[in-house]
Amino acid sequence: MTQTQADQVLLYIRPGSWDLPSIDPSCLAAVIYLQLTIPGNFSIFECSSPDLSPTGQLPTLIHDHHSVALLLPIIKYISGLDKRRNTGFANTDLDHGMCMVERSKQTAWFAHAETHLGNLVYYMQYSLHSNWVGMTYPAIALMLNVTQRYYIPHKIRDMYKPRLDAAGLWSLPEVETESKKPFRDITPVNEKAANTNVFLRAFEKEKAIDKAKLIFDMYSRILNNPYFLGRDSPSTLDVVVSAHILLLSRPPYPNPIIQQLLLDHYAPLITHAQQIFTQTLGISAPTIHKVTPPRVPWRNLLPSLPVSSKNHTRSADEKRYDRIRWSFFGLVAGCMATYLAIVGRNVEIKIVTIDNSKGQSEEEMEEEDAGDEAGVRAEEGETTQ
Amino acid sequence: MLTLPPSIAAFFALFPLRTNPPIYPPSKKPITAPTLWIIPTNPSHSLSNDVECLKWQAYLALRGLTNIHIRTDVHPEGAIDGRLPNLHVPPSAEKKSDDDGQLLAAHLIPAWVDTQTTTVDPDLEGYIDAAARDESRAWVALLEGTVHAALLFSQPSPSYLERFLSISISSPLSFSWSSDAPTSNAASNTTPSPSLQTLITPPPPPATGVTSLFPASGVRISPTAILTQYRDAIAALSERLGTDQWFLGSSGPTALDALAFAYIHTLIESQSDTLRVEVCRRVNLVGWEKRVRETVDSAFRREAR
Chain X
1 MTQTQADQVL
11 LYIRPGSWDL
21 PSIDPSCLAA
31 VIYLQLTIPG
41 NFSIFECSSP
51 DLSPTGQLPT
61 LIHDHHSVAL
71 LLPIIKYISG
81 LDKRRNTGFA
91 NTDLDHGMCM
101 VERSKQTAWF
111 AHAETHLGNL
121 VYYMQYSLHS
131 NWVGMTYPAI
141 ALMLNVTQRY
151 YIPHKIRDMY
161 KPRLDAAGLW
171 SLPEVETESK
181 KPFRDITPVN
191 EKAANTNVFL
201 RAFEKEKAID
211 KAKLIFDMYS
221 RILNNPYFLG
231 RDSPSTLDVV
241 VSAHILLLSR
251 PPYPNPIIQQ
261 LLLDHYAPLI
271 THAQQIFTQT
281 LGISAPTIHK
291 VTPPRVPWRN
301 LLPSLPVSSK
311 NHTRSADEKR
321 YDRIRWSFFG
331 LVAGCMATYL
341 AIVGRNVEIK
351 IVTIDNSKGQ
361 SEEEMEEEDA
371 GDEAGVRAEE
381 GETTQ
Chain B
1 MLTLPPSIAA
11 FFALFPLRTN
21 PPIYPPSKKP
31 ITAPTLWIIP
41 TNPSHSLSND
51 VECLKWQAYL
61 ALRGLTNIHI
71 RTDVHPEGAI
81 DGRLPNLHVP
91 PSAEKKSDDD
101 GQLLAAHLIP
111 AWVDTQTTTV
121 DPDLEGYIDA
131 AARDESRAWV
141 ALLEGTVHAA
151 LLFSQPSPSY
161 LERFLSISIS
171 SPLSFSWSSD
181 APTSNAASNT
191 TPSPSLQTLI
201 TPPPPPATGV
211 TSLFPASGVR
221 ISPTAILTQY
231 RDAIAALSER
241 LGTDQWFLGS
251 SGPTALDALA
261 FAYIHTLIES
271 QSDTLRVEVC
281 RRVNLVGWEK
291 RVRETVDSAF
301 RREAR
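So the protein sequences, as listed, match chains X and B.
Numbering follows the UniProt record's numbering, with no gaps: position 190 of the first sequence is 190.
Numbering follows the UniProt record's numbering, with no gaps: position 154 of the second sequence is 154.
In case anyone wonders, no lab produced these hints; they're calculated from the structure.
Careful, some of the hints might be misleading.
What the hints assert, rightly or not - Derived lysine to aspartate or glutamate pairs resembling EDC-like cross-links, with alpha carbons at most 16 Å apart:
1. K83(X) to D93(X)
2. K205(X) to D165(X)
3. K76(X) to D232(B)
4. K211(X) to D165(X)
5. K213(X) to D134(B)
6. K213(X) to D264(X)
7. K76(X) to D95(X)
8. K211(X) to D134(B)
9. K29(B) to D73(B)
Claimed, not checked - Now the in silico label distances, taken between C-beta atoms and shown as ranges:
10. T208(B) to N145(X): 18 to 26 Å
11. S44(B) to G88(X): 41 to 49 Å
12. N20(B) to H129(X): 55 to 63 Å
13. S233(X) to H75(B): 33 to 41 Å
14. D165(X) to L213(B): 36 to 44 Å
15. H154(X) to H75(B): 31 to 39 Å
16. V283(B) to T271(X): 42 to 50 Å
17. E294(B) to H154(X): 25 to 33 Å
18. H96(X) to V283(B): 42 to 50 Å
19. H45(B) to A267(X): 31 to 39 Å
Just so we're clear, the structure is a prediction, and the values are computed from it rather than from any experiment.
Built from N, CA and C at the ideal position, the CB exists for glycine as well.
Work the whole structure out from these sequences, hints included.
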């Protein structure tokens, strides 16, 4: 299929890491959806921060002068493409042939997956301190240039804080409190305070694991082989859930509490996600075309010279004015030259060295009128020629 | 002993100490029936304007309780954890009559209701099977996420002047996040009421942008995306209800029905045309809401003040 540049489907996503195209579950789901529906007919543009996206949000899809932000609108837009004329796409609706009740169920599960599975992914990536320090922070920092990588990752982390706070998944910092004195007395009070912190953190993990278990149990129950909700081909829900499961199971988390739970007890979910991965992102899958961002050289920051590059034919009047202008400049230059020649006949330029009392020598340009009998001398210097 | 110099004593005499008689609290009204404290309602009926309060009103009514009083003169700051609704329960019969009864926070209401009426099966929670119970969780996520985001988005934000002048009446849409799974943890009750930042996936970047050096403020959201998701949600809700009497084909009302009623009623009463039209053009939702509203309305009695 040949397409012009304007018709090209362009997807703006967060850049990837850990062998996945994107580190954000919504962006990853968008990529998987496009790989399943219009493989090879779209390009991705990696935005290191949401500010680079045309809508200010990620994922964003640009096609044919439409811009669509966020996952569900993107999926709706793409699934409606085959019904529009002259697009040349076919079968872009993954949920083709679903009855209305099934579709409505899927809408509800979609919201559930985005909210609850999303919370788990964000908890693992941004909330757990060791994962943030050991994995997510370096990954985000490497996407940014040198000045930005020192302050943007923390701002990105702050974006997730209110949401995880509301879900009760924002964890306490695990910063080691180094005691100033190396040999501190172990008093019962100190020990109790330290233990309380440990207990709080331990129960926090228990809470997170309990939440994760409830959610994974539910998805295990609705996963009827081979796909969710008893379908025999992947649907939108499969895309969304597998994107989250991939981001929970594949990255090398330093503190893999939920990852371990998933790998140990929920093999069907892993197998399902793996299957979607092989189909869309594996080695045998169609390659994803990447658009590199245009490089902005420093030269662009300099003001350009006010030379008009366009040369339009000049009219007769303009030519005449040009001639008069140039003859005026010529006249002025001639007058100046003649004046200087007459006035400057007797002017002589000498180089005079002055030795002052401290023995320092200076070179001075001194203008001396040879015509004057009483030559002006420097105050105390001895002149040499 | 030191004595005060007469000049200073004369000066102090200009400001004599007056003692006013103490103000005693007004005599307490004995509580006779369970009373729900909610955010002010329309004068015409007894349903609250606030989704969270309305949800618990519907929950109480749909569990079959009747003759519940409501009280609207309590500011949210006076409620437990600063959040309405609270249920004021009269003392049980064997206790002394001068007992003030008990004030319950919202998440303790189901346990109290279980003592009053027949308990529902804790495993299926009134749904027809386990699949329907799982599905109800998904619908709760849809209502509390997508639909609530649209509601919050349609609310006009208070102007700066209002924000400075008003002694903050808490947001009319304040409600707790974990409504389907009430937890006894104290920390979960102090969670802030959801904002758009907590409801949109992925969390929206600040309006000042991420790369700017300015401190972050505001959120950058896409109205089209929110409304697209909202339309989808209402269409799905209508489709799933179909011609059933209760959601998910249950034989009796469930917690999901209470939540759905709270949202559908708030949307129908909403100021925003965009939101209201989506619901009103779906006949089954409107009919269902009307039927449930009569049940809920009749269960409550405005307390004579």
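Against the structure, the hints come out as follows:
1. K83(X) to D93(X): Cα-Cα ~10 Å, so holds.
2. K205(X) to D165(X): Distance of about 14 Å is within 16 Å: holds.
3. K76(X) to D232(B): Holds: K76(X) and D232(B) sit about 10 Å apart, inside 16 Å.
4. K211(X) to D165(X): holds (14 Å)
5. K213(X) to D134(B): holds (13 Å)
6. K213(X) to D264(X): holds (12 Å)
7. K76(X) to D95(X): holds (11 Å)
8. K211(X) to D134(B): It holds: about 14 Å lies between the C-alpha atoms, which stays within 16 Å.
9. K29(B) to D73(B): holds (14 Å)
10. T208(B) to N145(X): 18 to 26 Å: holds (20 Å)
11. S44(B) to G88(X): 41 to 49 Å: violated (57 Å)
12. N20(B) to H129(X): 55 to 63 Å: Given range 55 to 63 Å: holds, Cβ gap about 56 Å.
13. S233(X) to H75(B): 33 to 41 Å: violated (55 Å)
14. D165(X) to L213(B): 36 to 44 Å: violated (25 Å)
15. H154(X) to H75(B): 31 to 39 Å: holds (37 Å)
16. V283(B) to T271(X): 42 to 50 Å: holds (44 Å)
17. E294(B) to H154(X): 25 to 33 Å: violated (53 Å)
18. H96(X) to V283(B): 42 to 50 Å: violated (28 Å)
19. H45(B) to A267(X): 31 to 39 Å: violated (53 Å)
Figure legend: structure checked against the earlier numbered hints; hints not met, in rising order: 11, 13, 14, 17, 18, 19.
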